[in-house]
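Asks: Residue numbers (this note's numbering), protein chains in the order written: chain A, 40 to 273; chain B, 144 to 410; chain C, 1346 to 1582.
These are computed hints drawn from the structure, not numbers from a lab.
This one's a predicted model, so the numbers in the text were calculated from it and none came from an experiment.
There may be inaccurate statements among the hints.
[To be verified] Here are the computed lysine to aspartate or glutamate pairs in the EDC-like style, where the Cα-Cα straight-line distance is at most 20 Å:
(1) K256(B) / D389(B)
(2) K189(B) / D345(B)
(3) K305(B) / D345(B)
(4) K380(B) / D345(B)
(5) K251(B) / D345(B)
(6) K341(B) / D164(A)
(7) K369(B) / E231(B)
(8) K189(B) / E60(A)
(9) K341(B) / E163(A)
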Amino acid sequence: MRDFTLALAGAARLLAQGDPELWQIIRLSLAVTLSATLVATLVGAPLGALLAIARFPGRRVIVVVLNGFMGLPPVVVGLGVYLLLSRSGPLGALGILFTAKAMVIAQSLLITPIIASLMRQVVEDAWSEYREQLVSLGASAWRSGFTLLWDTRYSLVTALLAGFGRAAAEVGAVMIVGGNIANYTRVMTTAIALQTSMGDLPLALALGCVLIAIIIGINAIAYGVRNWAQRHYR
Amino acid sequence: MKLFQLLLIALVALPAYAQNRFITVASTTSTEQSGLFPHLLPAFTKATGIDVHVVALGTGQALDLAKRGDADVVFVHDRPAEDKFVAEGFGVGRRDVMYNDFIIAGPKSDPAKVAGMTDADAAMRKIAESKSPFISRGDRSGTNMAELRLWKSAGVAPEKLKESWYRDTGSGMGPSLNTAASMNAYILADRGTWLSFKNPRDLVILVQSDKVLFNPYGVMLVNPAKFPNVKKEEGQKFIDWLVSPDGQKTIASYQINGKQLFFPDAH
Amino acid sequence: MSGGAILPLRLDGIRYEAGGNVILRGIDATFGAGTRTIILGANGAGKSVLLRICHGLIVPTAGSVRWANGEARPRAQAMAFQRPVLLRRSVLANIEYALGLAGVAGTARREQAAAALARVGLSAIGTRSARVLSGGEQQRVALARAWALRPSILFLDEPTASLDPAAARNIESIVQAIHAAGTKIVMTTHNLALARRLADDILFLHDGAVVEAAAAGEFFSRPRTPLARAFIEGELS
């Protein structure tokens, strides 16, 4: 118990001290994970809507596999992306291994199935209510998909936050494709892993508290935005 | 929609991160954890304007990384593995840079009675014979390879290492030290990580200063003939600087708690 | 609206089977312009399925749906359902959505939506969230939305079955107004009183087949079949 109170105090001290290296790590973590969440939403939400509305052979298999991919192990995704981006790999010429871009790619791949799968379920539930009316009005399948994504936007925010949380918490993927390079690709989770392996457990725990606080903060902002939107719009 | 725009800005802003000239150096976790890099590298960047991106892994992993062409320079401490790397055509222009040393740490209670010995081989033999708990990294790192060489030169048969007193963690120096501290076991560690290690509990240094415990570091360029993407000019600049008087002086000036950690060895 | 006059609509030999059951067994019918046709029948007679086949929401197992201009599914038609389906946005935005799908441009969309809303007497709630309105108000918005499209034919599936009497009367008067403005009405109901008030023609369905098709006056005063007679006297639910 004492370790945890010390960790909380340590976290507060770290933030108050304003250590530039810590703030750089926090900024990079947010930039990488928020970017990955954006990409995963732009790809995953329409994919989920499409799977909810369209009917084609093999659809059920794809849905099951997609659901399974929600639990993709981050270290496996990291390994896969590393082999793709390695100089000896097919995309080596891009030269983006060990950069933030590679980290965004790996995290996007990791969380797109989460957003796609959740939105598929949400849109499928809505589709059973909306289908006849939308067909009656002459909406194409694509148009219907986007209309439903907007109508279920509060659930979409929840799916987004689920994806964000998963990406913000993972260490396996960003460690392998980013290399945890000091001042360049070091993010909160890899910094915590490093401090743990160096035996500085109080610092690692304090950083962990900072990370959790950030994740809760993002959730709080999303909650506030959603409430404000519900009150001022519809 | 405002959030959307903010995220778009974040994504676009990412490329703006540190686009100076840089080289990628594959090095080891123990070197990184010793804290040498934040002391050493800024001096190089100041002198040449080239940033150094260090990817820190176990020696085996670092060399594997270089064999796939994902690094420009390799900076590790396992002479046999480095020589093999060069012989196989993956590395060129190897230079000696520095050495630090290994120490044998163990519980204050010292069941194997090795405290103060200056013959590392004899000490390892006594630990094996007394079957006292011993933690090995087991991860093909430079430290791990040095440990295995010590058992061999001490005459300890490989079968003895399969007994239960010998624990193989398969992890880095820090986590292995954590394990040794909580189990009151003996362990071979590099002095750098030991001095920076914050959680030793009842462990103390028991054996040191034997020449066989010296841990030499080498640096080499990843072969640009094999991997055209290697930044050979900047990489060579780094190697040249490390072995130059300036580089060597910077290495010697690095201290932990007033103690010098690395000893310049370029020749 | 494109393609020329879409009415009369002709159904030939419409059959519909699902899950091993025969729901419609060979329906022939013609829906001509200008009148209010009510499809009457007990629950389970197949009225809703027939309506959806006419509107193109369901594909019949056999038989043909032929519009006068030869199009497979003309755009000049609209439908209102027993439970109205509105989007999670303002009332006006709902109507503008439908107009947008119909190809109406920006400013015209806003004006036409406002006008349609005014016609059903709900201008005051144009900016309110559509999904939190009462059932009656939602149905009025759904009708305003359908009306804004100026359809040649409007299908309604039991539009007042879920509403209280006051709201139901409101909906009736809106349907009358839409008809008076030139739209063909085809409505299903099992409510005799509503049928008496509203119908010009009756199509009486029982167990998936047309039992009687006649002008409303004829049907209610001189029903030709025992089933129709039983229904009018309230013995069939």
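Asks: Output the indices of the hints that this structure fails to meet, ascending.
Replies: Failing hints, ascending: 1, 2, 3, 4, 6 and 9.
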